[in-house]
Amino acid sequence: MSNPEIIDIKPGKGTVGRGLRIVLTLGAILALAISQCLFIVHEGEVKVVRQMGAVVRIEDSAGLNFKLPFIQNIQTLPKYKMLYDSFPTEILTADKKPLIVDNYTLWRIKDARAFIRTVQNLPNAEKRIDATVYSVVRNKFSNVNYDEIVSGKRGDLNAEVTKIVADSLDRDNYGIEIIDVRIKRTDLPVQNQQSVFNRMKSEREKMAQQYLSEGDELARTIRADTDRKVKEIMAEAYATAKTIEGQGEQEAARIYNEAYSKDPQFYEMYRTLESYKTTLNGKPVIMLPINSPYTRLLLGR
Amino acid sequence: MQPRQMRGALLISLLVVLAAACLWTSWYIVAEHEQGMVMTFGKVTGYKDPGLHFKLPWPVQVVEILPVKKTFAIQFGYREKGGKATGLAEEAMMLTGDENIVWADAQVEWRIGDAKKFLFHSKNPEAILTNATTASIRTIIGNTDLDYAITIGKMEIQSKILEKLLQLMEYYDVGIQVLAVKLQDVEPPDAVKSAFQAVTDAREMKNTKINQAEKYRNEMVPTARGEANALIANAEGSKSERINHALGDVAKFNAIYSEYVRNKDITTRRLIIETLEQVLPGAEIYIVDSSDSGTVKYLPLRELQGGRN
Chain A
1 MSNPEIIDIK
11 PGKGTVGRGL
21 RIVLTLGAIL
31 ALAISQCLFI
41 VHEGEVKVVR
51 QMGAVVRIED
61 SAGLNFKLPF
71 IQNIQTLPKY
81 KMLYDSFPTE
91 ILTADKKPLI
101 VDNYTLWRIK
111 DARAFIRTVQ
121 NLPNAEKRID
131 ATVYSVVRNK
141 FSNVNYDEIV
151 SGKRGDLNAE
161 VTKIVADSLD
171 RDNYGIEIID
181 VRIKRTDLPV
191 QNQQSVFNRM
201 KSEREKMAQQ
211 YLSEGDELAR
221 TIRADTDRKV
231 KEIMAEAYAT
241 AKTIEGQGEQ
251 EAARIYNEAY
261 SKDPQFYEMY
271 RTLESYKTTL
281 NGKPVIMLPI
291 NSPYTRLLLG
301 R
Chain B
1001 MQPRQMRGAL
1011 LISLLVVLAA
1021 ACLWTSWYIV
1031 AEHEQGMVMT
1041 FGKVTGYKDP
1051 GLHFKLPWPV
1061 QVVEILPVKK
1071 TFAIQFGYRE
1081 KGGKATGLAE
1091 EAMMLTGDEN
1101 IVWADAQVEW
1111 RIGDAKKFLF
1121 HSKNPEAILT
1131 NATTASIRTI
1141 IGNTDLDYAI
1151 TIGKMEIQSK
1161 ILEKLLQLME
1171 YYDVGIQVLA
1181 VKLQDVEPPD
1191 AVKSAFQAVT
1201 DAREMKNTKI
1211 NQAEKYRNEM
1221 VPTARGEANA
1231 LIANAEGSKS
1241 ERINHALGDV
1251 AKFNAIYSEY
1261 VRNKDITTRR
1271 LIIETLEQVL
1281 PGAEIYIVDS
1291 SDSGTVKYLP
1301 LRELQGGRN
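If you read the sequences in order, they're chains A and B. By my numbering, the letter at position 191 of the first sequence is numbered 191, and the numbering carries on one by one without gaps. By my numbering, the letter at position 65 of the second sequence is numbered 1065, and the numbering carries on one by one without gaps.
None of these hints come from the bench; they were simulated from the model. Beta carbons are placed, not taken as given, at the ideal position from N, Cα and C, and that holds for glycine. It cannot be assumed that every hint is accurate.
Residues on chain A that point at chain B, a partial pick, calculated with CB under 8 angstroms [unchecked claim]: (1) L77; (2) K81; (3) Y84; (4) F197; (5) K229; (6) A259; (7) P289.
Each computed DSSO-like pair below joins lysine-lysine, with the alpha-carbon atoms no more than 30 angstroms apart [unchecked claim]: (8) A:K127 x A:K97; (9) B:K1070 x A:K97; (10) B:K1069 x B:K1043; (11) A:K184 x B:K1117; (12) B:K1043 x A:K110; (13) A:K163 x A:K97; (14) A:K184 x A:K140; (15) B:K1160 x A:K163; (16) A:K184 x A:K110; (17) A:K110 x B:K1193; (18) B:K1193 x B:K1069; (19) A:K96 x B:K1193; (20) B:K1116 x A:K110; (21) B:K1160 x B:K1084; (22) B:K1069 x B:K1055; (23) B:K1069 x B:K1084; (24) A:K97 x A:K110; (25) A:K184 x B:K1123; (26) B:K1193 x B:K1154; (27) B:K1123 x A:K127; (28) A:K163 x B:K1070; (29) B:K1154 x B:K1182; (30) A:K184 x B:K1154; (31) B:K1117 x A:K67; (32) B:K1055 x A:K242; (33) A:K184 x B:K1252; (34) B:K1215 x A:K231; (35) A:K67 x B:K1116; (36) A:K97 x B:K1055; (37) B:K1160 x A:K140.
Let's have the full structure, built from the sequences with the hints guiding it.
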């Protein structure tokens, strides 16, 4: 790396220049050696040491590590959990209802060696997971009733799907751990949604009508009851009033009878005279027979 | 001379820059709501509380500073922008247990529960939380009847969702601590809202009709009672009047009778004459001779009395 020409031409001045060059050169060599011999494993990842393509070893604890320079190289794989969001898929439930199901899968690489041997990289792994989840969900859910999927009433449905997916991937030894396959959402296809809305509307209209009719029913009952009560009150009062009046009449009759029965003849006369005062009050026309005592009295005969 | 000095200056400045870089990456400040996590060659070797701290220079030690005491929120079913919330139908519309569709949106509050797990246990912990939230809310609503959800069930649903979400996030173990699930709106979808409103109106109408009928009752019954009381009081009055008249009449009769007994003939005559006196002045009197059958002879007394009247 040193340049002999410069040393020859300017030996004195070359000392500093050489020193600088040596420093820089050593630095570069050191840096290269470090970068070739040392590598850092970060948290949440594994480093795969490969030699001529073959996997030599896997470092999965974080920290500083060594490798052979140049002939060994490093591949990084995540150790952390990854989320795979499936595309929503339309299925037909056991009771023949169409349903759009959307799943997500939480997974991670549990065996980097197997992972590299089979799927090599993350996109390939996601393709495998997608295909497996898709087929398991379709098969499984077509044997389950609508309400069990929507409500999670069958609590182990997600666990069942998770287990089938995990077993299936394990069988092919992809080095993938399936942590959870979970139904994220279940929706009706758009055309079914509209019919649900129509049904909901009609249910509410039914309820509204019931309220209105119940209102009429109760209102009419209350009014009729009121009218009945009023009639009852008035009739009772009428009865009471007549009884009281009757008592008055009876008492008055008793009083009159007691007094007048002492001398019926006088009473008749007295009462007749009394009644004349009333009946002949005003301007009555009176015809007197000529031979009546009063006429005779008047005519002086 | 220039090249040598330049080289010297270059070397020195290089060293200075290197030293400065070392110094510059050797200290850091952790704010009050944060936590520092020191990694030595990639491995987590210590946690630092708020304050000024020193470390070995890059690339030996690296520090990650995370706001562990800050509360974050994710929005489900709506997005808030500049204080204005917009609904997100594809998130918020979901099936209920009785095969209806309801609109539900919520806010989930969370914080970083474990800085190391938050950074290194998953690629995107917030996306995992979002998905787990969706699954929890939809599962719980999917197990609830529509009417319960939109009326009195909100609190219970909310606590069930929180329970489910806590359980999931604990299982996923990605360093997120869920603090609260706050359901915002749980209501019928816009497409059917008017029908639900109509039910409310009908219920009010029912009450209105009942109230009007009760008003009628409250008006009519007391009035009738009053009338009934009046009728009875009137009857009582009549009774009293009748009895007292009788007593009065009898008293007068008795008084006259006691005199009559003493002298029957005189009293009789007197009574007759007095009555005539009272009756005749206003009367028109004809004296009729009906002894001859056929014609009636009469004497018009009116003329005799000087044509009075």
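Against the structure, the hints come out as follows:
| no. | hint | verdict |
| --- | --- | --- |
| 1 | L77 | 12 angstroms, violated |
| 2 | K81 | 4 angstroms, holds |
| 3 | Y84 | 10 angstroms, violated |
| 4 | F197 | 5 angstroms, holds |
| 5 | K229 | 6 angstroms, holds |
| 6 | A259 | 4 angstroms, holds |
| 7 | P289 | 6 angstroms, holds |
| 8 | A:K127 x A:K97 | 28 angstroms, holds |
| 9 | B:K1070 x A:K97 | 45 angstroms, violated |
| 10 | B:K1069 x B:K1043 | 23 angstroms, holds |
| 11 | A:K184 x B:K1117 | 23 angstroms, holds |
| 12 | B:K1043 x A:K110 | 20 angstroms, holds |
| 13 | A:K163 x A:K97 | 25 angstroms, holds |
| 14 | A:K184 x A:K140 | 16 angstroms, holds |
| 15 | B:K1160 x A:K163 | 25 angstroms, holds |
| 16 | A:K184 x A:K110 | 24 angstroms, holds |
| 17 | A:K110 x B:K1193 | 50 angstroms, violated |
| 18 | B:K1193 x B:K1069 | 41 angstroms, violated |
| 19 | A:K96 x B:K1193 | 29 angstroms, holds |
| 20 | B:K1116 x A:K110 | 19 angstroms, holds |
| 21 | B:K1160 x B:K1084 | 28 angstroms, holds |
| 22 | B:K1069 x B:K1055 | 23 angstroms, holds |
| 23 | B:K1069 x B:K1084 | 27 angstroms, holds |
| 24 | A:K97 x A:K110 | 38 angstroms, violated |
| 25 | A:K184 x B:K1123 | 19 angstroms, holds |
| 26 | B:K1193 x B:K1154 | 18 angstroms, holds |
| 27 | B:K1123 x A:K127 | 18 angstroms, holds |
| 28 | A:K163 x B:K1070 | 37 angstroms, violated |
| 29 | B:K1154 x B:K1182 | 10 angstroms, holds |
| 30 | A:K184 x B:K1154 | 21 angstroms, holds |
| 31 | B:K1117 x A:K67 | 28 angstroms, holds |
| 32 | B:K1055 x A:K242 | 113 angstroms, violated |
| 33 | A:K184 x B:K1252 | 109 angstroms, violated |
| 34 | B:K1215 x A:K231 | 18 angstroms, holds |
| 35 | A:K67 x B:K1116 | 27 angstroms, holds |
| 36 | A:K97 x B:K1055 | 62 angstroms, violated |
| 37 | B:K1160 x A:K140 | 27 angstroms, holds |
Figure legend: structure checked against the earlier numbered hints; hints not met, in rising order: 1, 3, 9, 17, 18, 24, 28, 32, 33 and 36.
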